[in-house]
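Now for the letters of each chain:
There are 2 protein chains.
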Amino acid sequence: MTPFGEDRLGRQLGFLVEIDKLKTVLRRTPLTDNSRLENSAEHSWHIALVALVLSEHAPDGIDLSRVVRMLLIHDLVEIDAGDTFCYDPEARAGEAERERRAADRLFALLPPEQGSMLRLLWEEFAAGDSPDARFANAVDRLQPLLLNVSSGGGSWRTHAVTRSQVLARMQPVRTGMPALWRVVERAVADAHERGFLR
Amino acid sequence: MTPFGEDRLGRQLGFLVEIDKLKTVLRRTPLTDNSRLENSAEHSWHIALVALVLSEHAPDGIDLSRVVRMLLIHDLVEIDAGDTFCYDPEARAGEAERERRAADRLFALLPPEQGSMLRLLWEEFAAGDSPDARFANAVDRLQPLLLNVSSGGGSWRTHAVTRSQVLARMQPVRTGMPALWRVVERAVADAHERGFLR
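Chains as they are written, first to last, in the numbering used here: chain A, 1 to 198; chain B, 199 to 396.
These aren't lab readings, by the way, just hints derived from the structure by calculation. Be careful, since some hints might not be right.
Listing some non-contacts, in silico: residues in chain A with all C-beta distances to chain B over 12 Å [stated by the list, open to error]: (1) 38; (2) 59; (3) 96; (4) 123; (5) 124; (6) 131; (7) 168; (8) 187.
Here are the simulated EDC-like cross-link-like pairs (lysine to aspartate or glutamate), alpha carbons at most 20 Å apart as the crow flies [claimed, not checked]: (9) B:219 <-> B:302; (10) B:219 <-> A:33; (11) A:21 <-> A:80; (12) B:219 <-> B:278; (13) A:21 <-> A:99; (14) A:21 <-> B:231.
Every residue, glycine too, gets a C-beta built ideally from N, C-alpha and C.
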């Protein structure tokens, strides 16, 4: 399994090779040029930059470096569990259990204390209860909106999503990055007017 | 140019939409499953994780959060300048000037003091002189080696690269993350033995 050996460094390198697979997990959101769907690895890069650039709009008391780490690892479980389309309730049933099993396998590739640390960070993101996780979740919701708006409707248009579905999905922005809520409302109203959203 | 307006937040959002283009810049390294070439956005994600996971092997005095930020933005200039193949001396002529012009345009999309801050971080990476930049450069060199080894030769094989070219290219690992040098030497010797490297 690990061509770099089973010692501490070998396990770290094995994990780093394994996570290359996240680049093959496709999301439903297209790139802004509509050339193809986005994958979860480049999405993770993009949201880390969203967090860095918009950090001044985060509520006080956020640890930005922690948020960035959280965002960089938050989708790793999709290597096994796949990306679940957020507007598909049937697919979402069982998502949590699939992702838990994925976390069991993936984080165990690392030396134990390092794997546990990253797993805790992932669990914090998934629970969405801490200030850092609330901001991270807001960023993770905002980015697909930017892509859908910029690509002329994106996954909203392809999957005939409604305005109220998007507003419900975007609620974490309201709580985790309230300064951006007016941007969301304006973008959704505009997308509806242009026929990108039902 | 910026559908989100020309105020501070609008410029930040415009920048975040613009950098989506990094996902369409292809590198020469294939993914570990050999399904396609890697793009510079997902590469940036991957090296940020390499830095996080291997941080204990960094020399003392590294600011890991700064290194991660540096890695997340280090390839943005490729949106205009393209990815320059590291083993192609002709392509590399003029690379610095192309990248400088790209930085002039891209970082100027942001509010001035924010753009300057990121540009300074990019310049620090490009110069490679500070401890943070040395570690960041080491990480940026090590990751393609992991992919090439795992994909059965990758860009080394496709472009008939020699062992001495790779060892020269990997020197930043020797200085920026010396604990990993034995991994590089072993990987290069093994790749040569298996015929992946001339």
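If you check each hint against the structure, which ones fail? 1 and 8
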